[in-house]
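Visitor: Residues per chain are reported as follows:
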Amino acid sequence: MTRYIVRRLLQAVPLLFVISIVVFLLMMNMGDPIATMGGRSATRPADRLRLKKQLGLDKPLYVQYLYWLVGNDWAKVDMDDDGIAETPGRRKGVLRGDFGTSLVNRGKPVLKLIGERLPNTLILMLAAEAVIILGSLLVGIYSALRQYSTLDHLMTGILFVGYSMPIFFVALLSMYLFAVLFKRWGLPYLPTVGMFDPKVGKTASQVLLHMVLPVLSISLISFAAYSRYIRSTMLEVLSQDYIRTAKSKGLPRREIVFIHALKNASLPIVTVIGLDLPLLLGGAVVTERIFAWPGMGRLFLDHVSRADLPVVMGIIMLIAVAVVVFQIITDVTYAWLDPRIRYD
Amino acid sequence: MAESALPPATIGTLLPDELEAPPLSLSQLAWRRFRRHKMAMFGAAMLFILFLYSFGGAFLVSESFANFTNTPLRLTPPSLEHPFGTDTVGRDLLARTIYGGQISLIIGLTAVLIELFAGIIIGALAGYYGGIIDSILMRITEAMLNIPEIFLLLVMAKFFGGRISNIQFLGRTFSGSVVVIVVIIGLTSWMYLARIVRAEFLSIKENEFILAARATGTRNLEIIFRHILPNSIAPIVVAGTLGVANAILAEAYISFLGLGVQPPTATWGNMLDGANNYLESAPWLWFFPGLLILLTVLSINFLGDGLRDALDPRSRTV
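Line order of the protein sequences matches chains A and B.
Mapped onto the numbering used here, the consecutive letters of the first sequence carry residue numbers 297 to 640.
Mapped onto the numbering used here, the consecutive letters of the second sequence carry residue numbers 69 to 386.
One should not assume that every hint holds.
Here chain B is said to cover these stretches of chain A; the calculated rule only asks that three of the stretch's residues, wherever they fall, bring their Cβ under 8 Å from a Cβ of chain B [to be verified]:
| id | stretch |
| --- | --- |
| 1 | 426 to 440 |
| 2 | 452 to 459 |
Here are the simulated lysine to any residue pairs, SDA-like style, with alpha carbons at most 25 Å apart [said to hold, decoys possible]:
| id | chain 1 | residue 1 | chain 2 | residue 2 |
| --- | --- | --- | --- | --- |
| 3 | B | K106 | A | P310 |
| 4 | A | K408 | A | R602 |
| 5 | A | K349 | A | V366 |
| 6 | A | K479 | B | F355 |
| 7 | A | K479 | B | P145 |
The calculated label-pair distances, taken between Cβ atoms and stated as ranges, are [what the hints assert, rightly or not]:
| id | chain 1 | residue 1 | chain 2 | residue 2 | range |
| --- | --- | --- | --- | --- | --- |
| 8 | A | V496 | B | L181 | 49 to 57 Å |
| 9 | A | D598 | B | F136 | 30 to 38 Å |
| 10 | A | L531 | B | L181 | 33 to 41 Å |
| 11 | B | N288 | A | D537 | 44 to 52 Å |
Simulated from the structure, these hints should not be mistaken for lab results.
C-beta atoms are modelled at their ideal positions from N, C-alpha and C, and glycine is treated no differently.
Take these sequences, add in the hints, and give me the full structure.
Guide: Right, here's the structure in full:
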């Protein structure tokens, strides 16, 4: 097993390289980062040139990539235009854990920026994932037990609609219903945007209240795929011999379904969850934008539009690493749960 | 009709062969199964209506009317004159959903063509040749799959954005961003298809008829495109159909975020850009385009589901 994990990790290295090179190339020509540096934008050409040198933007592409990857503290930069490189570089490079500093929020380390937003995205996404798993287990098991019943058909229909919904439409509809209309009807209504009411402050109950609508929207979209999946694996397992044996032994139905069948039926679902979790890291860019949730998705959106290469690269590499790690964790968990599967 | 015309007494004198109806061809079987699928038939009918709405509607209202700004009339609620209301600069939303629908549907269909082209070529080469070609192509596929699609779309939309000037086509002016969006959606969505095609090729190329083709000296390209590809068409058709829905959704997402098709060219997606600022004051602004996207995607998904059941050769129900 250890050998398997090591091999998978080694295989992931070239993959991450490919990703970083592709995204790095795409991030070039995104516009002039110096022009988007915010309030203190440099207007004099001489200043712009100096800034460009400071940030290493005057170097050829492969040098820029190299500096991003391994840093430039071993090289010297020519800052005063006399043809002699004298100022030592200060970047350490991604390989040594330095993702650089944001160009837009000048001087702020990328990791710190991400670190500030990551928890916000995580609470939103983990809550949504929990709702999805619990809800789809209920719906999936029910539909499997009462296959082709009216409720099964009804739920299939609703889930199909949910699956086909663009997330902004769900979000806008739910905001309109639960915030605007409820307010108009004099019912208790939910807040729509932000993470907390600035007048009250960032308390747990405020955050919880603001989470309801985004979590609802995210869950509705992914709900369909999960519960369809659980329904079909459950149906498959329920028709197997050992379930018939359990039935003929006279075991209570509840025990058969929830202990004997669910255990085996939930195996493939582990894979789905494992592959979905890291993608949640990126957050639903659109959801965070609509609900003005200060998470990673919005961070990405704000910085990609201003050509902030270090931040964008940082977020994408982080997600890529998370995907790789979660894939390995999923495979290992799968082998651990299902002794029939062996990796060598 | 011929059978029913026979008098009942003669049935006994017929040979057993003549009693049986001619066997149905695969496509006839598929069509029978598809027709039984109520949801799929509903989806097909709905799609027909939506196409009629956006392409037939063009004969009733002109594009200049759809792009006509009339600021004094901004944000008027739905009325007889403007059944869907007007937007923030006073354009008629009904006319814009018609012309926006054309662009959204065209983007969906053409992006899938690119997706099919890339996915089939990459999947076929990887599956047929195997070895080093397979590993390189599959590593690239995995790398693309490792980044969430929306991130790639945003980066690419920014990368290619604003480089193509307006294009004239059929006497109309389209924003160059339409082409950009089609290309980037195609380029970010071929991975699953490539995997499906590769898997099909891996299993089909082991068949005897491929061995026979090779033994008679058929060229590799001919084996790929004339012998293997037609045999793996069913999953490709299904993936392509569902791909149209995904492409329409993807266009809606990036246009919603303001990086997609640029106004005045309308799409259902960019009509929603900024609409969340008018959540309370002008719900018609986002309701109609959103509903049309939902209906389109839903119908395509139903259609794809029906096709999956109908084209499955293992499915025995007739």
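Visitor: Hints first: check each against the structure and report whether it holds.
Guide: Going down the list of hints, with the structure as the test:
1. With a cut-off of 8 Å between beta carbons, the stretch 426 to 440 of chain A has 0 residues touching chain B; three or more are needed, and the interface restraint is violated.
2. For the stretch 452 to 459 of chain A, the proposed coverage by chain B is satisfied: 3 residues have a C-beta within less than 8 Å of a C-beta in that chain, meeting the threshold of three.
3. Proximity of K106 (chain B) to P310 (chain A) is assessed by CA-CA distance (about 48 Å); at most 25 Å being required, the pair is judged violated.
4. As the CA atoms of K408 (chain A) and R602 (chain A) are separated by approximately 19 Å, the hinted pair is consistent with the 25 Å bound.
5. The hinted pair formed by K349 (chain A) and V366 (chain A) meets the criterion: a straight-line CA distance of about 18 Å does not exceed 25 Å.
6. About 19 Å separates the Cα atoms of K479 (chain A) and F355 (chain B), which keeps this hinted pair within 25 Å; it holds.
7. Distance restraint check for K479 (chain A) and P145 (chain B): the Cα-Cα separation of roughly 20 Å lies within the 25 Å cut-off, and the hinted pair is therefore satisfied.
8. V496 (chain A) and L181 (chain B) have their C-beta atoms about 53 Å apart, which keeps the hinted 49 to 57 Å range intact.
9. A hinted range of 30 to 38 Å for the beta carbons of D598 (chain A) and F136 (chain B) is consistent with their spacing of about 34 Å.
10. Hint check: L531 (chain A) to L181 (chain B), Cβ distance near 36 Å, so the stated range 33 to 41 Å holds.
11. Range check, N288 (chain B) to D537 (chain A): about 46 Å between beta-carbon atoms, so the 44 to 52 Å window is met.
When each numbered hint is compared with the structure, violations occur for hints 1, 3.
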